[in-house]
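Q: What follows is the residue order along each chain.
Number of protein chains: 2
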Amino acid sequence: MIYDDVFAKALTRLRDEQRYRIFIEIERIAGRCPYAIWNSPRGPREIVIWCSNDYLGMSQHPDVISAMSETASRTGTGAGGTRNIAGTNSPLVELERELADLHSKAAGLVFTSGYVSNQAGISTIARLIGDCLILSDELNHNSIIEGIRQSGVDRKIGQHNDVADLEPLLAAEPARPKLIVFESLYSMDGDLAPVGQICDLATRYGAMTYCDEVHAVGLYGARGAGIAARDGTIHRIDVIEGTLAKAFGCLGGYIAGSSNLIDAVRCYAPGFIFTTALPPPLCSAATAAIRHLKTSDQERRLQQASAARLKQVMSAARLPVMPTSTHIVPLMVCDAGLCKQASDLLLRDHGIYIQPINYPTVPKGTERLRITPTSFHGQALIDQLLDALIDVWRRPELPFARSPLAAE
Amino acid sequence: MIYDDVFAKALTRLRDEQRYRIFIEIERIAGRCPYAIWNSPRGPREIVIWCSNDYLGMSQHPDVISAMSETASRTGTGAGGTRNIAGTNSPLVELERELADLHSKAAGLVFTSGYVSNQAGISTIARLIGDCLILSDELNHNSIIEGIRQSGVDRKIGQHNDVADLEPLLAAEPARPKLIVFESLYSMDGDLAPVGQICDLATRYGAMTYCDEVHAVGLYGARGAGIAARDGTIHRIDVIEGTLAKAFGCLGGYIAGSSNLIDAVRCYAPGFIFTTALPPPLCSAATAAIRHLKTSDQERRLQQASAARLKQVMSAARLPVMPTSTHIVPLMVCDAGLCKQASDLLLRDHGIYIQPINYPTVPKGTERLRITPTSFHGQALIDQLLDALIDVWRRPELPFARSPLAAE
Chain A
1 MIYDDVFAKA LTRLRDEQRY RIFIEIERIA GRCPYAIWNS PRGPREIVIW
51 CSNDYLGMSQ HPDVISAMSE TASRTGTGAG GTRNIAGTNS PLVELERELA
101 DLHSKAAGLV FTSGYVSNQA GISTIARLIG DCLILSDELN HNSIIEGIRQ
151 SGVDRKIGQH NDVADLEPLL AAEPARPKLI VFESLYSMDG DLAPVGQICD
201 LATRYGAMTY CDEVHAVGLY GARGAGIAAR DGTIHRIDVI EGTLAKAFGC
251 LGGYIAGSSN LIDAVRCYAP GFIFTTALPP PLCSAATAAI RHLKTSDQER
301 RLQQASAARL KQVMSAARLP VMPTSTHIVP LMVCDAGLCK QASDLLLRDH
351 GIYIQPINYP TVPKGTERLR ITPTSFHGQA LIDQLLDALI DVWRRPELPF
401 ARSPLAAE
Chain B
409 MIYDDVFAKA LTRLRDEQRY RIFIEIERIA GRCPYAIWNS PRGPREIVIW
459 CSNDYLGMSQ HPDVISAMSE TASRTGTGAG GTRNIAGTNS PLVELERELA
509 DLHSKAAGLV FTSGYVSNQA GISTIARLIG DCLILSDELN HNSIIEGIRQ
559 SGVDRKIGQH NDVADLEPLL AAEPARPKLI VFESLYSMDG DLAPVGQICD
609 LATRYGAMTY CDEVHAVGLY GARGAGIAAR DGTIHRIDVI EGTLAKAFGC
659 LGGYIAGSSN LIDAVRCYAP GFIFTTALPP PLCSAATAAI RHLKTSDQER
709 RLQQASAARL KQVMSAARLP VMPTSTHIVP LMVCDAGLCK QASDLLLRDH
759 GIYIQPINYP TVPKGTERLR ITPTSFHGQA LIDQLLDALI DVWRRPELPF
809 ARSPLAAE
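First to last, the sequence lines map onto chains A and B.
Using the numbering used here, read the first sequence as starting at 1 and increasing by one per residue.
Using the numbering used here, read the second sequence as starting at 409 and increasing by one per residue.
Residues from chain B that face chain A, not an exhaustive set, calculated with beta carbons under 7 Å:
| # | residue |
| --- | --- |
| 1 | Y411 |
| 2 | D412 |
| 3 | A418 |
| 4 | L419 |
| 5 | L422 |
| 6 | A438 |
| 7 | S460 |
| 8 | I473 |
| 9 | R482 |
| 10 | T496 |
| 11 | G614 |
| 12 | A653 |
| 13 | S666 |
Worth flagging that the hints you see were computed from the coordinates, not collected in a lab.
Predicted, not measured: the structure shown is a model, and the values here were computed from it.
Every residue, glycine too, gets a C-beta built ideally from N, C-alpha and C.
The following block holds chain A by itself, in its conformation from the complex (with noise of 0.2 Å):
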């Protein structure tokens, strides 16, 4: 067998479903925000970023840089051990506590990625728990999905943001121990969980509540963490996970809650155990950018005027963008090829970059540039970003030129 000629078939298919993804290699600029050099097939050429998840573009706050440098030149670049062995990093420690006092919590826990977190938290969880039910959105993530199949226990499925789908699932098993699994805003349409609604539903049932706020945290509630504790829902939420790798600007993940259900994650989840612990500098980045966002609030409304100001405007010129109550900004295509053609035109003609979503980021049929405005999105560049819009959806050569418009 040549092993090689699997591997090519696999690419062959990829490319005929127009799924083959290219990655554009680009240079972020500190200081600059939200501007990047794109190493492009013709050389360096200045682009402006408009699908980041450095939301506040923390990655580049001045704090949050002399952290990582500070921390690097007093212990070095990393760990060097897991977190049993070696691992356990002063700066570590104190970002968990940091994370656990963010989310009002009795403890905290660091991973090597949102996903890793997920993935470890909600399957050592559930096994932990034993004959235990998971009850989870349709829409949630994959690395939930992922914590859930290594998990090895029974899920059920429930309608997005749905409670009247959810509460007969957890009515059909009410002596069963269960545990509903649900993000508080869902990246890709930028829509909100009815968290109280489904905590009203844990309690009647008795089911423990696991909470992705991924998207959420540092960019809602007073002092940055997230949905369930601007709406006052945080302390019925059994597990708060999150990253800090979006608003936060660094690398990693984790989950807060009890002090018993922490430290059984921490002494069971073999994705926990079995790896290096997060970088001192990395981990002292974070703390710096948890610290300043839980005082400052001048980022998240610069951010939300920013959303609110681009979608005013988008919605003015007619095109396809669907509504949302966050920071997100889907502009709706529905086709991968137009999806990509449409990316490729902006980045282009207009130095604008938004990486088409298609599947499996998205289901097929509603392929979307995923559109993240930033604290950093003025004015001008939000005109500039309509006119590119407009220009590339007016092409008579593309096929969807008219027709988002007309649908409208």
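Given chain A's structure and the hints, the job is docking chain B onto it.
A: Structure of chain B alone, referenced to chain A:
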């Protein structure tokens, strides 16, 4: 159901089995490897680390630290997105080229950790091959086991480093695609796989080879490419898996192989697709470490000399050290409670930090102190360690004090 009781009971079980782990909180001191500050219950105290996987002290190398700081200042602390969505940064692309070159392969792919690289790499490769049989060494790392489990394909476990046991497993399935997964250097026993013989069997029976070199990269071979490179078998290995978090002093993992294989994993592995890219400063730091170790042999020579000297003096003192041909020096205790006691005494009375290695990291009954001399553990530190070990091994109050010596 009171869920918290479940977690409390799970912790009680660990305490009853003497498996409850207490992490030592340390702060390493850049420029003074292997010294660190231990934040002990009684306050900060200077200690010597003898159990780090930062084997060559590269996390504190001035070039590595300045690469991290320089890139953080230039681009910011985080990547800001997944690889597909604004996260493919130039330092990461450069790092992948460097890794491909290091291992003489066409391409490399970086993950957020070595754990994830095995988990996502093995599961994706095996799934793509289809009706694949995985042959796995019985002592393979947990991340390999999880990768195999996630693949969902059949697997057979071979006896440790035993080609005579492996051959019939391969021969039994002549028509089937097969993947042999093994480590070049097993980190707990410090022994080496018969890489060439495994490759011979792979050729004979038409199997692919996947070799985990996480405890060998940077440390063996003229350019630090690992055991397979040192032994001239690298061209016979289909996939090399390595880490940036041990000898290279940073964080992250990777695989290297053919263009088609790497591209297919890039396109199909959920654990790669749905996670934020490694931060540019970490990529730059890792690249600096790899480049340094490609040309500098001094760190490797010093480390090997330290390990040889330590093994020699420990054997002479009749301490129960397991013979190895590598830089790993396991001191056998074979009891979980005693292993923890020995570790505690070394730390408390001698300021020497060697974490006890208990189940599930090693099988029950094979508990040990795993000593890892680095390039920076010179003669004076070795003498100090030897005195401390002899002192601890002679404590009359310790039941194991005389028995390991008597067993020699």
